[in-house]
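Trainee: Use these hints to put chain B onto chain A, whose structure you have.
So the protein sequences, as listed, match chains A and B.
Here numbering that gives the first Met the number 0 is used: the first sequence runs in plain steps of one and ends on residue 478.
Here numbering that gives the first Met the number 0 is used: the second sequence runs in plain steps of one and ends on residue 478.
Please note that the accuracy of each hint is not assured.
Heads up, the list lumps identical chains together, so a pair's fine if it works in one copy or across two of them.
Result set (DMTMM-like, lysine to aspartate or glutamate): computed pairs, CA atoms no more than 25 angstroms apart in a straight line [stated by the list, open to error]:
1) K119 / E272
2) K451 / D246
3) K451 / E174
4) K95 / E474
5) K353 / E272
6) K123 / E109
7) K154 / D231
8) K119 / E94
9) K451 / E148
10) K119 / D270
11) K323 / E454
Calculated directly from the structure, the hints in this document are not laboratory data.
Note that the structure is a prediction, hence the values are computed from the model and not measured.
There are 2 protein chains.
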Amino acid sequence: MKISKHLTSRLAIILCTTFTLSAFAQQQPYEYPPTLLDELKQLQKATLASDYAYQQLAHLTNNIGPRLSGSLQAQAAVEYVAAEMRKAGCEVTLEKVMVPHWVRGIETGELVQFPGQAAKTTQKIVLTALGGSVATPAEGLTAEVIVVENFAQLKALGRDKVQGKIVLFNAIFDERLAAQGEAGVAYGQAVAYRGGGASAAARLGAVAALNRSAGTGGMRMPHTGALNYAPDAPQIPAAAVTAEDADLLAYLSAQGNVQMHLTLTPQTLPDAESYNVIADLKGTEHPEQIIIVSGHLDSWDLGTGAIDDGAGVVVAMAVVNAIKQLGLKPRRTIRVIAWMNEENGLRGGRTYAKDYAAQTANHLAAIESDLGAGHPIGFTGHVSANTLTMLQPLAQVLRSQGASIVRRVDESPGADISPLDALGVPTFAPMQDSRTYFHYHHTPGDTLDKVKPQELAENAALMTVLAYTIANLPEALSR
Amino acid sequence: MKISKHLTSRLAIILCTTFTLSAFAQQQPYEYPPTLLDELKQLQKATLASDYAYQQLAHLTNNIGPRLSGSLQAQAAVEYVAAEMRKAGCEVTLEKVMVPHWVRGIETGELVQFPGQAAKTTQKIVLTALGGSVATPAEGLTAEVIVVENFAQLKALGRDKVQGKIVLFNAIFDERLAAQGEAGVAYGQAVAYRGGGASAAARLGAVAALNRSAGTGGMRMPHTGALNYAPDAPQIPAAAVTAEDADLLAYLSAQGNVQMHLTLTPQTLPDAESYNVIADLKGTEHPEQIIIVSGHLDSWDLGTGAIDDGAGVVVAMAVVNAIKQLGLKPRRTIRVIAWMNEENGLRGGRTYAKDYAAQTANHLAAIESDLGAGHPIGFTGHVSANTLTMLQPLAQVLRSQGASIVRRVDESPGADISPLDALGVPTFAPMQDSRTYFHYHHTPGDTLDKVKPQELAENAALMTVLAYTIANLPEALSR
Chain A
0 MKISKHLTSR LAIILCTTFT LSAFAQQQPY EYPPTLLDEL KQLQKATLAS
50 DYAYQQLAHL TNNIGPRLSG SLQAQAAVEY VAAEMRKAGC EVTLEKVMVP
100 HWVRGIETGE LVQFPGQAAK TTQKIVLTAL GGSVATPAEG LTAEVIVVEN
150 FAQLKALGRD KVQGKIVLFN AIFDERLAAQ GEAGVAYGQA VAYRGGGASA
200 AARLGAVAAL NRSAGTGGMR MPHTGALNYA PDAPQIPAAA VTAEDADLLA
250 YLSAQGNVQM HLTLTPQTLP DAESYNVIAD LKGTEHPEQI IIVSGHLDSW
300 DLGTGAIDDG AGVVVAMAVV NAIKQLGLKP RRTIRVIAWM NEENGLRGGR
350 TYAKDYAAQT ANHLAAIESD LGAGHPIGFT GHVSANTLTM LQPLAQVLRS
400 QGASIVRRVD ESPGADISPL DALGVPTFAP MQDSRTYFHY HHTPGDTLDK
450 VKPQELAENA ALMTVLAYTI ANLPEALSR
Chain B
0 MKISKHLTSR LAIILCTTFT LSAFAQQQPY EYPPTLLDEL KQLQKATLAS
50 DYAYQQLAHL TNNIGPRLSG SLQAQAAVEY VAAEMRKAGC EVTLEKVMVP
100 HWVRGIETGE LVQFPGQAAK TTQKIVLTAL GGSVATPAEG LTAEVIVVEN
150 FAQLKALGRD KVQGKIVLFN AIFDERLAAQ GEAGVAYGQA VAYRGGGASA
200 AARLGAVAAL NRSAGTGGMR MPHTGALNYA PDAPQIPAAA VTAEDADLLA
250 YLSAQGNVQM HLTLTPQTLP DAESYNVIAD LKGTEHPEQI IIVSGHLDSW
300 DLGTGAIDDG AGVVVAMAVV NAIKQLGLKP RRTIRVIAWM NEENGLRGGR
350 TYAKDYAAQT ANHLAAIESD LGAGHPIGFT GHVSANTLTM LQPLAQVLRS
400 QGASIVRRVD ESPGADISPL DALGVPTFAP MQDSRTYFHY HHTPGDTLDK
450 VKPQELAENA ALMTVLAYTI ANLPEALSR
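Just chain A, same shape as in the assembly (with noise of 0.2 angstroms):
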């Protein structure tokens, strides 16, 4: 997941509407026939108890390991994906996509003159390259590093106190927010930082930025991620620090001058083509009319991807291996997106809405599961309020395993399903526990023992229940 204004709206604005399903039970009942009911316990039941997702997990982020766009890695992912889903009796298309091709290269921080330093002695700094950083010259550079805990304080420096200078932007994660299942808010705070710091102090003449990372954790792990050089300003170099090491850089700077040897090597290399892979379970009635259930198959380089988003995969993997296992048939067709590119540059799910607009009417929903494998406690979507009524039902179902709460957002929960929303699509999205996903997210420490399985079968469960409940509506889903 990246920086995400839905992610945002998803979990933290108290919007207009929450409701356990059963609320509004009582407002306008709308009827499932009970053969339908039936079929979602069914399902709901198969799914809960199947390791599928689990040891699909194990092997995206075990045998194939992490999956940056353009990378082996995300090419041997496609081709796994592809080849599941067809094992599994989908249609598969690969849709082409260019995405960014950015390689990681050395990346060391040290200071090398600093208050109290003894004779010859230097400090590590424990950082790591921002997705998308130009590098700094091979030999690295060296300057002093000023710190600041946001954009106004950097701004009333000025330029002449930044020009020249490593800004290091120490604007701290709110880990309150995060524990009160607010993360969202948290992340959206700090990442501001690491998608506009560089821009910023670019502009005043610094010749690199650092972030304070943004993320959770407190053991000494730098979290990377995109961020969006301005157009108007400079590139420079940026890298986010550990929390441990932006503590260390204010405590220091605040008793003098420290200098700091910064060298980063990543690359930007031409433009790779990449793909979605795109899996039809084809609708017996409605072929036509589609019902998306996704996760983005790309990763940061760093962990192997488990939470962020092998989990989203497998979990709209398994929706298909749940009904194929029942011999169920949905009645519109059920379709996996495996989404390529969301953490550096969103070409998945921009070309899936372009190459696929003149079909938009056709899509009846669009589900991204993307903030882990916590247990999930319902869903959200950003939808109509006649949509949600048609939903109702599902509490039932859902009640059972602890998922029945239900809510309305104004923007559309999950990045590579935003530019379908933008064309009107219905978007779902999970609602998960996500007290400890920003310590692990864009970490190594997002590897598949963060994953429970139980837990990640609860996931597959509600998208599979939610999923076929759209496909085998009497009704198209309301808009």
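Mentor: Just chain B, lined up with the frame of chain A:
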């Protein structure tokens, strides 16, 4: 802190005698002069309110940094502590200690062949060389990884299956024990493979040894630490992999052949001259009688040595600071020692016991703190029942800070003071809350922020009142 039987016994073996100090008040009351009790309360109050220890720790960790034996930083730390103790009014001696001088180099692990591998993909393994490890060839070595859970499994494989391989000891740290406050037992179990794994594997022809990190945390952080080459085995390179990478290797090797390219380029340089810092606050009546308060000044090189063991050093420094601040006078000499080389040699503790062998009888007690700076619930002592009886009235003071538990243990409760213990000197250590200690221990995450100022002050208060009591009792502490 390193491999230590003392730790195991300190935290774990529920030994013969555990009291709250008040519990045996009835048995054999030992009276303190009212002035002493009053002074103890003053000292406790002043220490609890002081940030002296924390500011010293900030300097050691932030302005000096990691302090591995033989490093420039270790020397800077020796000079700094000596100067601070002189400033505080102590007589300072630097006791020469020849220490191992091991320097970390490049350390990389990469899977170059594994089940499910796509063309040309590789996977990174996060690892760190163990202290004292020999190097691989400069260009690294490539070999199959075999995974065992314990020494018995290795032995069962035999030379045929081990010859030419890299052996991973995948012994899982018992987090349940750690969560129950018995981290020392869990550590002792896991550390057997860090300490002895390389030689056990080498005896069967292995070319390198890996151990699953002896620690908790789950953030893909490798935990370094010392290894011990047995005299009868070839010396092979050894490294700790993270828990996550151990899981990955176990998963893949269960599926088939896993080949790793391993590069470790540490160097062992000639022994270096270093020092124990010895700072005496001379006793007014029995200057020849000595109570040692101590921690170890050296640290591993990955973090900045806050919990292991900057905290112990500054807590000992705080004892003198508190006494001086209140204008009190110890009747016997309080000797602050900042030990050198606890982590990879114990040369400081051994040298001291040798240099001061003739004065053993005048060493009334040796106290060391080396288990972080969590809230202390009391202290342990490797002492006679009589000795404890003399310390019983301390309960009146310590109970107010929740530290009134005393436990007799059957070995020295600190590594550096164990050579003195072997000579019959009563030894003591605070008993800290260590539930998170092994998250950070020997990792890059051992940094200042892991120490809570108030808990550090509690440790300082405990060591201060314990030391001052022994220094000012009417009679010498019983042995």
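Trainee: All hints, please: hold or fail.
Mentor: Hint check results:
For the homomeric pair K119 and E272, the shortest alpha-carbon distance between copies (18 angstroms) is at most 25 angstroms, but the shortest distance inside one copy (48 angstroms) is not. Taking identical chains as interchangeable, the C-alpha atoms of K451 and D246 lie at most 25 angstroms apart only when they sit on different chains, with a minimum of 14 angstroms there against 32 angstroms within one chain. In this homomeric assembly, K451 and E174 come within 25 angstroms of each other (Cα to Cα) both inside a single copy, at 22 angstroms, and across copies, at 17 angstroms. Proximity of K95 to E474 under the C-alpha cut-off of 25 angstroms is found in neither arrangement, the shortest distances being 33 angstroms within a copy and 87 angstroms between copies.
With identical chains, the CA atoms of K353 and E272 are at most 25 angstroms apart within one copy only, with a shortest distance of 17 angstroms there and 70 angstroms across copies. In this homomeric assembly, K123 and E109 come within 25 angstroms of each other (Cα to Cα) both inside a single copy, at 5 angstroms, and across copies, at 24 angstroms. In the homo-oligomer, the alpha carbons of K154 and D231 lie at most 25 angstroms apart inside one protomer (16 angstroms), although the nearest pairing across protomers, at 66 angstroms, exceeds that limit. For a Cα distance limit of 25 angstroms, the shortest separation of K119 from E94 across copies, 24 angstroms, qualifies, whereas the shortest one inside one copy, 56 angstroms, does not.
Only between protomers do K451 and E148 lie at most 25 angstroms apart by alpha-carbon distance; the minimum there is 23 angstroms, versus 36 angstroms within a single protomer. In this assembly of identical chains, the alpha carbons of K119 and D270 lie at most 25 angstroms apart only when taken from different copies (20 angstroms versus 44 angstroms within one copy). Taking the shortest alpha-carbon separations for K323 and E454, only the intra-copy value of 22 angstroms comes in at or below 25 angstroms, while the best inter-copy value is 58 angstroms.
Checked against the numbered hints above, the structure violates only hint 4.
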